[in-house]
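Quick note, the sequences are listed as chains A and B, same order.
Here the working numbering is used: the first residue of the first sequence is 1, the next is one more, and so on.
Here the working numbering is used: the first residue of the second sequence is 1, the next is one more, and so on.
Since the hints were derived computationally from the structure, they do not count as laboratory data.
The beta carbon of each residue, even a glycine, is placed where N, CA and C say it ideally should be.
A few of these clues could be false.
With the Cβ distance kept under 7 Å, some of the chain B side facing chain A (calculated, not the full set) [stated by the list, open to error]: (1) I19; (2) T32; (3) L34; (4) H35; (5) K39; (6) T42; (7) H66; (8) L69; (9) H83; (10) K87.
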Amino acid sequence: MRRLLPHPLLSLTLAFLWLLLVNQLSAGHLVLGALLGWLIPFATSRFWPEQIRIRHPFTLLRYLVVFVIDIVRGSFHVARLILLGPARLRPMFVTVPLALKTDLAISLLANTISLTPGTVSARLSADKQTLIVHTLDTDDADALVAEIKQRYEAPLKRIFEEGHE
Amino acid sequence: MLDILLSILILTGAIFTFIGSLGLARLRDFYTRLHGPTKATTLGVGCLLIASAVFFSVRDEGVSLHEVLVTLFLFITAPVSAHLLAKAALHLKLKSLAPTPLPDSDTPSNSSD
Numbered sequence: 001m002r003r004l005l006p007h008p009l010l011s012l013t014l015a016f017l018w019l020l021l022v023n024q025l026s027a028g029h030l031v032l033g034a035l036l037g038w039l040i041p042f043a044t045s046r047f048w049p050e051q052i053r054i055r056h057p058f059t060l061l062r063y064l065v066v067f068v069i070d071i072v073r074g075s076f077h078v079a080r081l082i083l084l085g086p087a088r089l090r091p092m093f094v095t096v097p098l099a100l101k102t103d104l105a106i107s108l109l110a111n112t113i114s115l116t117p118g119t120v121s122a123r124l125s126a127d128k129q130t131l132i133v134h135t136l137d138t139d140d141a142d143a144l145v146a147e148i149k150q151r152y153e154a155p156l157k158r159i160f161e162e163g164h165e
Numbered sequence: 001m002l003d004i005l006l007s008i009l010i011l012t013g014a015i016f017t018f019i020g021s022l023g024l025a026r027l028r029d030f031y032t033r034l035h036g037p038t039k040a041t042t043l044g045v046g047c048l049l050i051a052s053a054v055f056f057s058v059r060d061e062g063v064s065l066h067e068v069l070v071t072l073f074l075f076i077t078a079p080v081s082a083h084l085l086a087k088a089a090l091h092l093k094l095k096s097l098a099p100t101p102l103p104d105s106d107t108p109s110n111s112s113d
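Pulled out of the complex, with its shape left as it was, chain B reads as follows (with noise of 0.2 Å):
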């Protein structure tokens, strides 16, 4: 019963993960190819890390809560990266599939912040 649960918890992990993967070589700009990473991995991980805390909680006595912070981390983490990226491709006025906001609408020291 527990393999069958972990099974899916992995296989489920595994296939969120790779249509991530698939969204970074199937998506045509910079912008939307973010977007697969940043999700769809979210919950492949998400689920892969659940499998992990179930099977290790299981196996030894006590309760396996590493996987708690690699979540954590990973939820700081992942979006910053994100939106550096995104901030960083701004600046550089890549190829865009939607038309991008005014250049640094705001102020010329926008790379202050």
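Isolated chain A, as found in the complex (with noise of 0.2 Å):
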């Protein structure tokens, strides 16, 4: 099974992704989704040698739901900084150390720091200790860490790597 199937819920999402690329519901593009979710991460297997799992599907919508407002909020704020002008501006660079573990969770979090609000991730250190996070605009570097690890970094630990060591 394990061998068959390697990654059950990365050929769901590419059988999904399937069906919406050519965006019609039809019976032989149910099967060759199928087919592809199974082809695909059974011809990769190698780049992907942990089985991704999902701890706690209820706190990934959460997760979501906040990722959703923090752009729209992020997004306001950073056109207000940018019409008021760049003189006001106090970029910082930060360092946030990482709690989590996991290539995919860790690479979620760049993902979301760079996504959101002000923040662009800029580095992560070759121990995959440290993330360097580049910000427009603030004044109090501790607290944007503070935000950035119990509003991002703890709900992904929960979500994907509880119980993981």
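With the hints as a guide, dock the two chains, each given alone in a separate frame, to form the complex.
And the structure:
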């Protein structure tokens, strides 16, 4: 089972993506989607050494809602900063110590940071212990780090890494 | 009614995309410029895509879900390119308004990850 279907979740996602791509729901495309969903993870399984498990689907949902709200909030914030003029900005590099261990969770965290208000992830240290984040306008680096850890990192850890070690 | 809603969405999208581009021109160093296109544009393109999805779902029968895919791919690729640009900029030690972190403080083989 594990060898034949190495990544059930990925297979499901790929099949769903295929249906979105063709933009129609028919028996033929369902079968084709299922076939692709099986074949692609199977052929690329060496890129995915670990099986992805989602431990708390509801936490994931809540995470997505927070994420969308933050994108909207952040866009208004950044738009205001740009319009008010660059002279008032207080850009800063902050270092976020990571509690996450798995590559997937770390990349999701970095992506989230880059997509949300006034922050871009700039560099992950080689030992995957810290993430350097550039922020557009802040006066309190510690508060920002605390917010990132509590708002994004904690739920990601719960979703992907609970009972991981 | 629907026309008004769509117009509002498209206008909002256009305004945010414009502000994002304006950021590119107005901000002063490479790192702050990165923020314009990755942030404001996210919401801008989001609004345009919602408008597109609603319009095509109403005009043709069946829901149009291609826009969901565009959003998904955009959300996967935009932050990755922003991250790589920022990382490359740190590597090249570009002029920055903010004090930059210690260059390659971790290990000399930093370029490997």
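Results for each hint:
For I19 (chain B), the shortest C-beta to C-beta distance to chain A is roughly 5 Å, which falls under 7 Å, so the interface hint holds. Taken as an interface hint, T32 (chain B) checks out: its beta carbon lies about 5 Å from the nearest beta carbon of chain A, inside 7 Å. Look at L34 (chain B): its Cβ gets to within about 5 Å of chain A, closer than 7 Å, so that hint holds up. Interface restraint check: H35 (chain B) against chain A, minimum CB-CB distance 5 Å, threshold 7 Å, status holds.
The interface hint given for K39 (chain B) holds, since its Cβ lies 4 Å from the closest Cβ of chain A, which is under the 7 Å cut-off. Proximity of T42 (chain B) to chain A holds as hinted, the smallest CB-CB distance being about 6 Å (cut-off 7 Å). With 7 Å as the threshold, the beta carbon of H66 (chain B) comes within range of chain A, its nearest partner Cβ sitting at about 6 Å, so the hint holds. The interface hint given for L69 (chain B) holds, since its Cβ lies 5 Å from the closest Cβ of chain A, which is under the 7 Å cut-off.
The restraint placing H83 (chain B) at the interface with chain A holds, with a minimum CB-CB distance near 5 Å, inside the 7 Å limit. At its closest, the beta carbon of K87 (chain B) sits 5 Å from a beta carbon of chain A; the interface hint therefore holds under the 7 Å criterion.
When held up to the earlier numbered hints, the structure conflicts with none and fits them all.
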